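Engineer: Just so you know, the sequences run in chain order A and B. With this note's numbering, the residue at position 5 of the first sequence is 5, and numbering never jumps. With this note's numbering, the residue at position 231 of the second sequence is 231, and numbering never jumps.
Worth flagging that the hints you see were computed from the coordinates, not collected in a lab. A portion of the hints provided could be inaccurate.
Straight-line alpha carbon distances no greater than 25 Å define the calculated BS3-like cross-link-like pairs of lysine-lysine that follow [what the hints assert, rightly or not]: (1) B:109 with A:41; (2) B:82 with A:22; (3) B:174 with B:205; (4) B:109 with A:44.
In this text the structure is predicted, and so the values were computed from the model without any measurement.
One-letter residues, chain by chain:
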Amino acid sequence: MNADKVLDAKGLACPMPIVRTKKAIEELQTGQILEVQSTDKGSKNDLTGWANSTGHQLLENREENGIYTFWIKKK
Amino acid sequence: MSEETKQSSLTKMTPHELTQIVAGHEELFVLDVRNETEFNDWKIEGENIEIINIPYFDLLDGIDPALDRIPDHKRLLVVCAKEGSSQYIGEQIAETGRENIYYLEGGMKLWSEHLEPVKVGELQSGGEIYQFVRMGKGCLSYMVLSEDEAVVIDTARLIQPYIDIAKKHNVQIKHVLDTHLHADHISGGRDLSQAAGASYWLPPKDADEVTYPYNQLVENEDLLIGNGKVKVHPIYSPGHTIGSTSFLIDDQYLLTGDILFIASIGRPDLAGKAEDWVSDLRNSLYELYGNLPEQLVVLPAHFGQVTELDDQGKVSAKLGDLFSHNPGLNMADEIEFRKTVTENLPPQPNAYQEIRQTNMGRINPDEEQQREMEMGPNRCAVHDK
Numbered sequence: 001m002n003a004d005k006v007l008d009a010k011g012l013a014c015p016m017p018i019v020r021t022k023k024a025i026e027e028l029q030t031g032q033i034l035e036v037q038s039t040d041k042g043s044k045n046d047l048t049g050w051a052n053s054t055g056h057q058l059l060e061n062r063e064e065n066g067i068y069t070f071w072i073k074k075k
Numbered sequence: 001m002s003e004e005t006k007q008s009s010l011t012k013m014t015p016h017e018l019t020q021i022v023a024g025h026e027e028l029f030v031l032d033v034r035n036e037t038e039f040n041d042w043k044i045e046g047e048n049i050e051i052i053n054i055p056y057f058d059l060l061d062g063i064d065p066a067l068d069r070i071p072d073h074k075r076l077l078v079v080c081a082k083e084g085s086s087q088y089i090g091e092q093i094a095e096t097g098r099e100n101i102y103y104l105e106g107g108m109k110l111w112s113e114h115l116e117p118v119k120v121g122e123l124q125s126g127g128e129i130y131q132f133v134r135m136g137k138g139c140l141s142y143m144v145l146s147e148d149e150a151v152v153i154d155t156a157r158l159i160q161p162y163i164d165i166a167k168k169h170n171v172q173i174k175h176v177l178d179t180h181l182h183a184d185h186i187s188g189g190r191d192l193s194q195a196a197g198a199s200y201w202l203p204p205k206d207a208d209e210v211t212y213p214y215n216q217l218v219e220n221e222d223l224l225i226g227n228g229k230v231k232v233h234p235i236y237s238p239g240h241t242i243g244s245t246s247f248l249i250d251d252q253y254l255l256t257g258d259i260l261f262i263a264s265i266g267r268p269d270l271a272g273k274a275e276d277w278v279s280d281l282r283n284s285l286y287e288l289y290g291n292l293p294e295q296l297v298v299l300p301a302h303f304g305q306v307t308e309l310d311d312q313g314k315v316s317a318k319l320g321d322l323f324s325h326n327p328g329l330n331m332a333d334e335i336e337f338r339k340t341v342t343e344n345l346p347p348q349p350n351a352y353q354e355i356r357q358t359n360m361g362r363i364n365p366d367e368e369q370q371r372e373m374e375m376g377p378n379r380c381a382v383h384d385k
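Could you put the whole structure together from the sequences, leaning on the hints where they help?
Structural biologist: This is the structure in structure tokens:
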């Protein structure tokens, strides 16, 4: 999936992946896509919850070799 | 207090300290900042504990939504899954000048694993018995000490607390026993027996599929500690599993495993055989236990609610009292009993199939996976919700 911006949050522990994600998405325009890479297992549930409560759309997520990748579309 | 100290007034609370608060029925206000799913599945409980859930990611724009809901006068504990987010949010709350703000060391992960040793009592043949309370998960395990020897029953996954107590009392752990093949937590029995050079014992009927060597617990074949003074007497009591075995210790304490709890009874479905084992369960409870002396002190392998803890933070009751008060021991009607233990049961413990496989030695998850598998309440009783 083509992202407008990629956020490398690998190695960061909770809450930093979401804190950084929030910051990164603020710098995007509506409809643009942010790709987030994280190694924190809790990211999946928390990013889903955060997207639900903020209205941004979690388009897809993938796990490969312990790296979680998320694509989020800014509302 | 200077402005500076006020600003850094976020304090760490250890699982031990939280255990003291829960056991002492002290007041505490908890702000749980995990996501809603995790919170709804499992949370800190206590008689005087008030708890709210606001996920930390809903507080990134500011903590006002939380401040509005936190009472001023109470001690506040912020908790999350591991620790990081509770510190992040806790610091911001502390910066507003509020006092008595704590975060939970190690978060719910450490809370789920923490063991608190509590002395249950003395043995008439000389020695003492300790209960290890795993407050976060409701698991109970035991160490019986006499002279320079000890036996450990239903060991939790992390074994250091048993080793510490053994060292402190200068005893050698001689035997490690499991009342049954557990489905709610990973047994530390094998690890402890290896670390301590002890022998490991299991009921053979639960051990059909285990992949490692063990000693067979056989009814009436007593294990002895304290140079032969203290008897650990196995009683075959099937029902939660087909091999479930109780232990009568020092003719005084009855370790009931997952057959009989203080406020409930064991469920027969976690090994997939609910219908088959209902009559075994009923027989073990009503006939077998029904014929034992009423003054025996029942020590179960679980509690369901913190209200089952007494003032010293331990869980125990006289067998006779349980026959008067425990709903599971007061169902005269067999059909009602069958319905209660097979229908409308609470959800199964988290990852219970994988936990059983791990306890059989058939799968070997790494430590992080084992920790994840054990998250959440034990749910081994029929009345747990």
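Engineer: Kindly indicate which numbered hints from before are broken by the structure, ordering the numbers from low to high.
Structural biologist: none
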